[in-house]
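Novice: Heads up: the protein sequence lines correspond to chains A and B, in order.
Start counting the first sequence at 218; every next residue gets the next number (our numbering).
Start counting the second sequence at 218; every next residue gets the next number (our numbering).
In short, the hints are calculated from the structure, not lab data.
Be aware that a few hints might be false.
Treat identical chains as interchangeable: a pair holds within one or across any two.
What the hints assert, rightly or not - Cross-link-like lysine-lysine pairs, in silico, BS3-like; alpha carbons within 30 Å at most:
# : residue 1 : residue 2
1 : Lys-406   : Lys-287
2 : Lys-368   : Lys-297
3 : Lys-406   : Lys-335
As the structure is a prediction and not an experimental result, all values here were calculated from the model.
2 protein chains.
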Amino acid sequence: MCELLGMECNVPTDIVFSFTGLAQRGGRTAHHADGWGLALYEGNAARVFLEPTAAASSPLARFVSQNPIKTLLAIGHVRKKTRGPVSLANTHPFVRELWGRQWVFAHNGTVRGARNLKLGRFAPIGTTDSERAYCHILEVLRSSFSTYPRKVSDLWEAVAHVGGAVGARGSFNFLLGDGRHLYARCATKLCHIVRRAPFGRARLADEDVTVDFSQVTTPTDRVAVVSTVPLTTNESWIHGEPGTMWVFDGGKLRATLPA
Amino acid sequence: MCELLGMECNVPTDIVFSFTGLAQRGGRTAHHADGWGLALYEGNAARVFLEPTAAASSPLARFVSQNPIKTLLAIGHVRKKTRGPVSLANTHPFVRELWGRQWVFAHNGTVRGARNLKLGRFAPIGTTDSERAYCHILEVLRSSFSTYPRKVSDLWEAVAHVGGAVGARGSFNFLLGDGRHLYARCATKLCHIVRRAPFGRARLADEDVTVDFSQVTTPTDRVAVVSTVPLTTNESWIHGEPGTMWVFDGGKLRATLPA
Numbered sequence: 218m219c220e221l222l223g224m225e226c227n228v229p230t231d232i233v234f235s236f237t238g239l240a241q242r243g244g245r246t247a248h249h250a251d252g253w254g255l256a257l258y259e260g261n262a263a264r265v266f267l268e269p270t271a272a273a274s275s276p277l278a279r280f281v282s283q284n285p286i287k288t289l290l291a292i293g294h295v296r297k298k299t300r301g302p303v304s305l306a307n308t309h310p311f312v313r314e315l316w317g318r319q320w321v322f323a324h325n326g327t328v329r330g331a332r333n334l335k336l337g338r339f340a341p342i343g344t345t346d347s348e349r350a351y352c353h354i355l356e357v358l359r360s361s362f363s364t365y366p367r368k369v370s371d372l373w374e375a376v377a378h379v380g381g382a383v384g385a386r387g388s389f390n391f392l393l394g395d396g397r398h399l400y401a402r403c404a405t406k407l408c409h410i411v412r413r414a415p416f417g418r419a420r421l422a423d424e425d426v427t428v429d430f431s432q433v434t435t436p437t438d439r440v441a442v443v444s445t446v447p448l449t450t451n452e453s454w455i456h457g458e459p460g461t462m463w464v465f466d467g468g469k470l471r472a473t474l475p476a
Numbered sequence: 218m219c220e221l222l223g224m225e226c227n228v229p230t231d232i233v234f235s236f237t238g239l240a241q242r243g244g245r246t247a248h249h250a251d252g253w254g255l256a257l258y259e260g261n262a263a264r265v266f267l268e269p270t271a272a273a274s275s276p277l278a279r280f281v282s283q284n285p286i287k288t289l290l291a292i293g294h295v296r297k298k299t300r301g302p303v304s305l306a307n308t309h310p311f312v313r314e315l316w317g318r319q320w321v322f323a324h325n326g327t328v329r330g331a332r333n334l335k336l337g338r339f340a341p342i343g344t345t346d347s348e349r350a351y352c353h354i355l356e357v358l359r360s361s362f363s364t365y366p367r368k369v370s371d372l373w374e375a376v377a378h379v380g381g382a383v384g385a386r387g388s389f390n391f392l393l394g395d396g397r398h399l400y401a402r403c404a405t406k407l408c409h410i411v412r413r414a415p416f417g418r419a420r421l422a423d424e425d426v427t428v429d430f431s432q433v434t435t436p437t438d439r440v441a442v443v444s445t446v447p448l449t450t451n452e453s454w455i456h457g458e459p460g461t462m463w464v465f466d467g468g469k470l471r472a473t474l475p476a
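Next comes chain A alone, as it looks inside the complex:
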């Protein structure tokens, strides 16, 4: 199993605070030591840091924490392998281009019979069930729309539908980004929080770190954070209902769909 972290905001925000908590779960406070990755969008492109090693002891993970990059949309992952050996190709998040934008995907759980999922234009590079499921999802979207849909709720429905179909094969908690939206499907466990004014203090569960968000925000900021488990101990996280998918846009929860 693995752990997921997503962030979607209405102003560029750095993910250092949350990523610090996630990185500790990559080998120190939890046993997710088989790789880590972090994708940070700039428009429709994403820069992606990936390592098939433990985040907690990674110099690159420390560098990323110490040199924050602000973004509107980020997806992170720490891996405890279930299927597929430890390698760069098997390290989440996975990235593909569709309709002139990068799509970023990370998965927690196991998909049974992933090899039976139909592929088309997108082929796995590694050997995980996760990447194959991801390639299948993109193929279903590609064959459903000729371009990025103007009516984005149609896209939300399509992602939820294929997410639910793949989810019938096992536990399929995932985060998916398209440069604009963060899609977050809950199969077994996923939670989120939307931080907005009045901002307060937050204390990490996995590291003795506290941030006073009122010092680093403006009153109109909205920052949604999604995680496998609550990353802070003194905030109220909303737990997802298994078989549903959240869609975030502009730091707001825009929809909760059956998935």
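Take the given structure of chain A and dock chain B to it, following the hints.
Specialist: Coordinates of chain B only, in the frame set by chain A:
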């Protein structure tokens, strides 16, 4: 214009020495300060560092230099923009998946009328002529072969053919990697060297750095390095003939094709 750097070897090798020279040309010894990128393969997957800023003053570029990652195939680039604003999406190298492997591309020069190049499965994310030309190349390859060809010389010929066709539209020096081969097309300037036993000392042209390769190699190592201009002052670099393409595999120059 931009500068290119490629490395292809028969044993995992770090690219720090050459990248140090390239990074200096990204804003210090040359005016290529609009972005830099470095892709390092592990099998058919590549990790890619990208920044739309000057490499010479980049903390990430310094980190990459100080924390070397060994690889069999690497492609680097520093950008001086000609088409398209400074942004992550316009930063080389570009990456796409085809036939279950990542393809990495970087370009030096300008392609006229790039918008007329036919696209299919691959769409540009940014606005450069380079990325559009790259998407066109991949589409031509995809439509020419159903999978990665067993007879790789057919693939070499196809890359050379489409490279030459695009090259008729301007100056099209490029480096392309497929996880196994490094393709290097010369339109105006490109040079290479194959370092092998007996290894000697090399001195960087752009920084007061010398390496004694005999201390860090074994007698069977072969390391091919391709660059826009010679990176060292005391070695004999082979200059490319305009309208030709080199193919490297296993640290050897395997073919020189009209392109």
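Novice: With reference to the structure, classify each hint as holding or not holding.
Specialist: Going through the hints against the structure:
Proximity of Lys-406 and Lys-287 under a CA criterion of 30 Å is satisfied intra-copy only: 27 Å inside one chain copy versus 38 Å between copies. Taking the closest pair of Cα atoms, Lys-368 and Lys-297 never come within 30 Å of each other, the shortest separation being 37 Å inside a single copy and 38 Å across copies. Taking the closest pair of Cα atoms, Lys-406 and Lys-335 come within 30 Å of each other only inside a single copy of the chain (26 Å); across copies the shortest separation is 45 Å, beyond that limit.
Hint 2 alone, counting from the list given before, is not met by this structure.
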